[in-house]
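Asker: Work out the full structure, taking the sequences as your base and the hints as a guide.
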Amino acid sequence: MNNKKAVTLLSVMLFFVLLLAGCGGNSTSNSDGDSKVIKFMHLWPEGSSKTHNEIVNDIIADYEEQNSGVKVELEVLSNEQYKDKIQVLSTSDELPDVGMTWAAGYLQPYVDGKKFTPLDDVIESDLKDSFVSGTAEAYAIDGKTYGLPLELNIATIFYNKAIFEEYGLEVPQTLEELEQVIQTLNDNGVAPIALGNKDRWTGSLWYMYLADRIGGSDVLTNAINRTGTFEDPALVQAAEEVQNLVNMDGFVKGFNGLADEEAKSMFMNEQAAMYLIATWDLPNYTTNEDVPQEFRDSVGYFNFPTVDGKGDMNSFVGGPGVGLFVAEDSEVKEEAKDFAAFFVKEWGEKSVTQAGVIPATKLDADSLDLPQMYVDVLEDLNSASNLTLFADVQMSPDTAEVHLDMIQAIFGNEVTPEEFAKNHEDALAAE
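Be aware that the sequence shown starts at 260, since it is given in our numbering, and climbs by one per residue.
Since the hints were made in silico from the structure, they are not lab data. The structure presented is a predicted model; accordingly, all values stated were derived computationally and were not measured. Each hint should be verified, as a subset may be incorrect.
20 Å max Cα-Cα, derived SDA-like pairs, lysine to any residue [to be verified]:
| hint | residue 1 | residue 2 |
| --- | --- | --- |
| 1 | Lys295 | Val652 |
| 2 | Lys309 | Asp321 |
| 3 | Lys342 | Ser307 |
| 4 | Lys604 | Asp625 |
| 5 | Lys330 | Asn312 |
| 6 | Lys342 | Trp539 |
| 7 | Lys621 | Ser307 |
| 8 | Lys403 | Val652 |
| 9 | Lys344 | Glu332 |
| 10 | Lys420 | Gly559 |
| 11 | Lys604 | Pro377 |
| 12 | Lys420 | Pro431 |
| 13 | Lys295 | Glu353 |
| 14 | Lys309 | Ser589 |
| 15 | Lys457 | Ser524 |
| 16 | Lys681 | Asn645 |
| 17 | Lys309 | Lys681 |
| 18 | Lys344 | Ser392 |
| 19 | Lys592 | Leu348 |
| 20 | Lys309 | Leu663 |
| 21 | Lys420 | Ala537 |
| 22 | Lys592 | Pro377 |
| 23 | Lys403 | Ser392 |
| 24 | Lys569 | Asp477 |
| 25 | Lys609 | Asp597 |
| 26 | Lys512 | Glu605 |
| 27 | Lys681 | Gln667 |
| 28 | Lys604 | Leu348 |
| 29 | Lys344 | Ser655 |
| 30 | Lys420 | Asp385 |
| 31 | Lys592 | Asp385 |
| 32 | Lys403 | Ser655 |
| 33 | Lys621 | Asp635 |
| 34 | Lys604 | Lys569 |
| 35 | Lys604 | Asn316 |
| 36 | Lys342 | Ala689 |
| 37 | Lys295 | Gly328 |
Answerer: If you want it as structure tokens, here you go:
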């Protein structure tokens, strides 16, 4: 009798275990009762990108309100964590339905692996003539578009006007003048340039601008696309100039071990006089109410200077920032496409008015009340002679890793300029 009771009890327990396991399995599906669930992943945490984060939350709330049968399930990671996780998820076909991607070389392996779905139908039906010329095209491979761009950025050197005024410094127009500014700041115990090169792409901005000014706007791109070589004298000299800046203590102490967020904090806490970053940071110097008004009023920016009398100061490092992808294997692909299109349209409006971000969609600046710095950047974009896409984005992920490792090595005086160039050339030639 006791054995029978035990068997019956075991059977009941087994039934409930199986029932619970079955319920648990539904948590990974794209349904929530009668609602469809769109899994969305982005890279703007509340702590470091508060305004962006708030806009995303607003857009999701608007979308769910207008689409009662759909819910958006959100995951937010920092930039580097995001890149790492997306790569892992793609290998196991567990990508979010909608996520963020970069253009060109970053995009290529995901397209080759059939991880992202083409979005030309979305552009044609919902976003026709919406994008600034050249932005959506940066996400096209073999005639199909795999990303919907959100931002357009150029990198500039932001500087603390109050610090410059205190030491009688003028905005440098040449590298020699920049070095004089660095020397004066060092002589007065002020850290010249905030740099968080633990993230490596931050140092790449400095290298790219030096390459552009020394060798012209095509020299780096030609080396990457193999119509040129990375051992071009201009690219070697650019690495030499990086080391010159390092050796004269141009950057904050310990820069190779600092994350970009830490370097940004140093600049914003007035612990460094200059900071080279792209215009995705404009909100911190214009509209972010969490940043003291006195500091925002003290920030200006200048274009990267010429080198040895060479270079066009209207040539910029920049291009489209992040864009949205839709996963090829999404179980809610049509809903994901609809959400992505909705997001782009609302982002274009909200990012301008709430954050001072330059969107990839066309903008009628005259109809908006914009901060002066934002207007100045738009004028720079209108007069830009060239936009060179970020080097690591132009490259395949494997070569980009070589580039970023070499950036950290050249800033750390661990390789010679010639070794720096040869390592790049070997990686590019191997492809």
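Asker: Which of the listed hints are broken here?
Answerer: 1, 7, 14, 16, 17, 18, 20, 26, 28, 30, 34, 36
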